[in-house]
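**Student:** Listed below are the residues making up each chain.
2 protein chains.
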Amino acid sequence: MLLIFFTLLGAVAQSQKSVTVAVDNKVTFTYKNDKAQKVELMGDFSATETGLFKKSKKRQMEKQSCGTWTYTFSSLPSDLYMYAFKVDYTDSLQLDPSNSFTLRNVDTYYSAFVLTGGVGDFFITQQVAHGTVQKVWYPSTVNGMKQRRLSVYLPPQYQSEASRRFPVLYLLHGSGGDESAWLECGCLAQIMDNLIAQRRCEPMIVVMPNGNAELDATPGESPYIQAKPSANNMTSMLGKIEEAFPREVIPFIDQHYRTIAQKQQRAIAGLSMGGLQTIFIAANNPSLFDYVGLFSAQTTNLMGGFAGGALNKVAGVMNKINNFFGANTKSDFDHVALYKDINEKLTAQFATSPRLYYIAVGKQDFVKKLNDNFREKLDELHLPYVYNETDGTHSWSNWRKYLIDFAPRLFK
Amino acid sequence: MLLIFFTLLGAVAQSQKSVTVAVDNKVTFTYKNDKAQKVELMGDFSATETGLFKKSKKRQMEKQSCGTWTYTFSSLPSDLYMYAFKVDYTDSLQLDPSNSFTLRNVDTYYSAFVLTGGVGDFFITQQVAHGTVQKVWYPSTVNGMKQRRLSVYLPPQYQSEASRRFPVLYLLHGSGGDESAWLECGCLAQIMDNLIAQRRCEPMIVVMPNGNAELDATPGESPYIQAKPSANNMTSMLGKIEEAFPREVIPFIDQHYRTIAQKQQRAIAGLSMGGLQTIFIAANNPSLFDYVGLFSAQTTNLMGGFAGGALNKVAGVMNKINNFFGANTKSDFDHVALYKDINEKLTAQFATSPRLYYIAVGKQDFVKKLNDNFREKLDELHLPYVYNETDGTHSWSNWRKYLIDFAPRLFK
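Line by line, the protein sequences give chains U and P.
Note that my numbering has the first sequence beginning at 3, numbered continuously upward.
Note that my numbering has the second sequence beginning at 3, numbered continuously upward.
Errors might be hidden in some of the hints.
Which copy? The list can't say, so a pair holds if one copy fits it or any two copies do.
Below, in silico cross-link-like pairs of lysine-lysine (DSS-like), each with a Cα-Cα straight-line distance of 27 Å or less [said to hold, decoys possible]:
{"#": "1", "residue 1": "Lys65", "residue 2": "Lys414"}
{"#": "2", "residue 1": "Lys34", "residue 2": "Lys88"}
{"#": "3", "residue 1": "Lys230", "residue 2": "Lys65"}
{"#": "4", "residue 1": "Lys34", "residue 2": "Lys265"}
{"#": "5", "residue 1": "Lys65", "residue 2": "Lys19"}
{"#": "6", "residue 1": "Lys230", "residue 2": "Lys242"}
{"#": "7", "residue 1": "Lys28", "residue 2": "Lys59"}
{"#": "8", "residue 1": "Lys34", "residue 2": "Lys230"}
Quick caveat, the hints were computed from the structure, so don't treat them as lab data.
Remember, predicted model here, so these are calculated numbers, not experimental data.
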């Protein structure tokens with residue numbers, strides 16, 4: 003009786019869905035607004051569109067009777083989609099009022115929708131054994147703060163096998179992200195639960211620190227109230243996060259969790275800015291990681307300071323600030339010892355024979371050229387790596403897929 | 003240098019704040035939109051306004067030059083405020099695009115802002131020792147599901163004193179809430195961190211199960227994708243949650259955490275529907291809890307079935323469903339053994355001399371009369387309780403304050 007009752011209510015709720023899926027993944031988005039003159043659907047619906055959401059293609063929705071607007075894709079690939087509506091007479095995006103699943107990317111909230119039947123099946127909670135997610139504060143001195151927050155994923159086996167110890171993947175977010183980014187946009191817990199249930203990857207602990215030097219925790223959890231996350235958090239690129247990582251994060255995790263505290267059982271990976279941090283953390287600490295992953299890494303300052311493409315802004319802001327203090331921009335970065343002598347450090351790191359150095363990037367990503375340059379450097383130095391070149395751009399759609407490709411290669 | 007750098011950036015960010023506070027808590031909300039003809043500020047800014055957000059008072063914002071709209075309160079009490087903007091030509095609410103702190107209440111997202119300098123100081127992350135928050139799945143059979151999700155708060159001492167055991171507060175949410183509700187709108191971790199740091203309450207574990215029988219987890223974490231939380235989740239009031247609680251939740255927690263598994267070290271409290279569940283869980287299991295808290299409890303079905311005010315809807319929907327099955331509504335509830343013989347059960351419960359039976363409700367709350375009736379029942383039965391009657395209505399503003407009043411009374 004109760005099960006039928008539940009199903010009946012489910013059917014009632016279903017009729018109000020704002021995203022409907024027909025055969026061949028024909029997907030229709032619906033938004034009710036009888037006052038609007040124009041409504042556009044915003045979202046990253048194509049692999050070749052920019053991952054910078056606010057610049058994404060606007061799709062004009064069609065007004066139907068009863069003040070309902072619709073947009074139909076004849077076919078969409080299975081994925082997690084983040085979308086919003088842009089209504090005339092408002093500058094900001096409108097969340098889907100019929101959808102309670104919302105995700106924040108940097109400073110903006112979007113409605114989220116998983117289209118199953120493919121890779122999207124990894125992004126939903128399946129009827130498998132689930133891991134545990136923790137939000138933990140640890141002592142830190144970065145930027146004069148006393149504590150920083152990190153997220154931890156513990157595999158289902160951590161609970162069911164009370165004395166077993168586990169390998170650890172340290173997974174870093176990008177500029178503007180925080181300790182929630184991989185769990186939210188990255189679907190980390192769902193992906194790991196599903197990979198482990200399918201025996202495609204080893205049960206492992208995943209640690210997601212906050213690598214944003216300006217904000218110690220996600221909005222609402224940081225003492226810095228009203229501080230807004232920004233994709234140009236320049237202080238995160240001054241080497242402080244990388245410097246603190248082996249002193250603050252790893253010992254804390256090894257002390258408080260049942261880890262296997264060995265190079266062979268420790269991996270590090272990061273996306274975009276987190277990829278940059280990954281390169282330097284691993285190269286400066288050659289005895290720590292046997293597995294390294296770069297997902298659309300910001301390799302910019304390996305290529306001769308911060309002059310390159312996307313990080314021009316950093317140099318610009320640093321210039322302003324340094325003018326204020328009468329200092330010189332370039333020297334600020336050059337004086338970070340951690341960033342120096344990268345060729346020698348990479349050579350020393352590879353001399354310890356790491357089991358995997360993994361580089362993934364999309365053909366349309368704005369860091370593609372920088373990654374080409376970085377791979378050229380590795381080739382010149384005769385340092386071996388695995389390269390995964392995909393379609394698509396600087397987007398969570400790619401980073402989730404890189405995780406699915408990367409995690410099964412670890413600790414085997 | 004880095005600290006100054008950080009401060010400078012902070013100052014830059016500050017100039018873009020959409021909520022500014024002047025002397026005497028004069029608060030101005032700002033929203034930029036040069037296309038709108040009319041903008042209203044929505045939010046629960048007064049204790050006597052309804053806690054049902056969508057029915058809250060609309061405040062007409064004033065258009066300033068440069069397309070900026072403002073609304074100024076001459077003085078607001080310190081609190082956490084949830085707000086949004088209503089712009090002409092849109093039916094739905096608009097989040098504050100300059101504010102990254104967002105909270106979901108039932109199915110709707112609002113921008114959030116903490117006004118410090120009073121009770122609001124409990125709602126922000128202070129520079130004190132922080133506890134850990136966990137999201138955990140546990141085996142459950144409610145409504146034919148196999149697992150349900152709960153949240154756990156571990157006090158700072160759980161990490162720093164590795165062999166110490168702790169008392170447990172089980173804290174239940176209201177209709178439409180889930181395992182995230184107390185952590186998000188309820189600021190549970192911040193309040194507990196601050197109370198414990200001030201030595202105003204004992205270090206304790208707080209367990210927040212998902213008491214929504216229709217949804218096993220918060221949106222994005224449930225296998226039921228596109229299911230929308232509802233404040234009328236009727237199946238949560240059929241006794242199943244209360245029945246499963248002592249069999250599924252408590253043993254799981256006692257098995258996996260360093261609890262003190264004794265009545266003297268176990269408390270239960272709940273708001274609204276969670277208050278209803280609290281009454282019946284405690285009354286049906288007199289040996290389990292020495293501390294019971296009811297925050298704006300939905301005591302309706304203690305007063306002769308589900309006929310009373312707010313739950314008429316439940317009876318209505320049940321009628322429809324039962325007509326479908328040819329059954330009778332009232333008998334469905336009456337047949338729930340757990341709800342029967344409440345007078346006898348309460349008397350048996352109080353015969354075990356619980357240390358605290360706490361009832362809190364606001365003068366303007368729609369459940370005030372029902373709570374009066376429930377207290378009359380307790381008086382008639384000569385069962386002692388502590389009563390905290392406050393200003394205000396059925397709102398998170400009150401529930402946070404009740405927690406601050408209740409938690410220090412536990413385990414002393």
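**Student:** Confirm or reject each hint.
**Tutor:** A quick look at each hint next to the structure:
1. When the C-alpha separation of Lys65 and Lys414 is checked against a cutoff of 27 Å, the pair qualifies neither within a copy, at 54 Å, nor between copies, at 63 Å.
2. For a Cα distance limit of 27 Å, the shortest separation of Lys34 from Lys88 qualifies both inside one copy, at 12 Å, and across copies, at 15 Å.
3. Taking the shortest alpha-carbon separations for Lys230 and Lys65, only the inter-copy value of 25 Å comes in at or below 27 Å, while the best intra-copy value is 35 Å.
4. Taking the closest pair of Cα atoms, Lys34 and Lys265 never come within 27 Å of each other, the shortest separation being 55 Å inside a single copy and 52 Å across copies.
5. Proximity of Lys65 and Lys19 under a CA criterion of 27 Å is satisfied intra-copy only: 17 Å inside one chain copy versus 36 Å between copies.
6. With identical chains, the CA atoms of Lys230 and Lys242 are at most 27 Å apart within one copy only, with a shortest distance of 20 Å there and 43 Å across copies.
7. Taking CA atoms no more than 27 Å apart as the test, Lys28 paired with Lys59 passes inside one copy only; the shortest distance there is 19 Å, against 41 Å between copies.
8. In this assembly of identical chains, Lys34 and Lys230 lie within 27 Å of each other by CA distance solely across copies; the values are 17 Å between and 31 Å within a copy.
Checked against the numbered hints above, the structure violates hints 1, 4; every other hint is satisfied.
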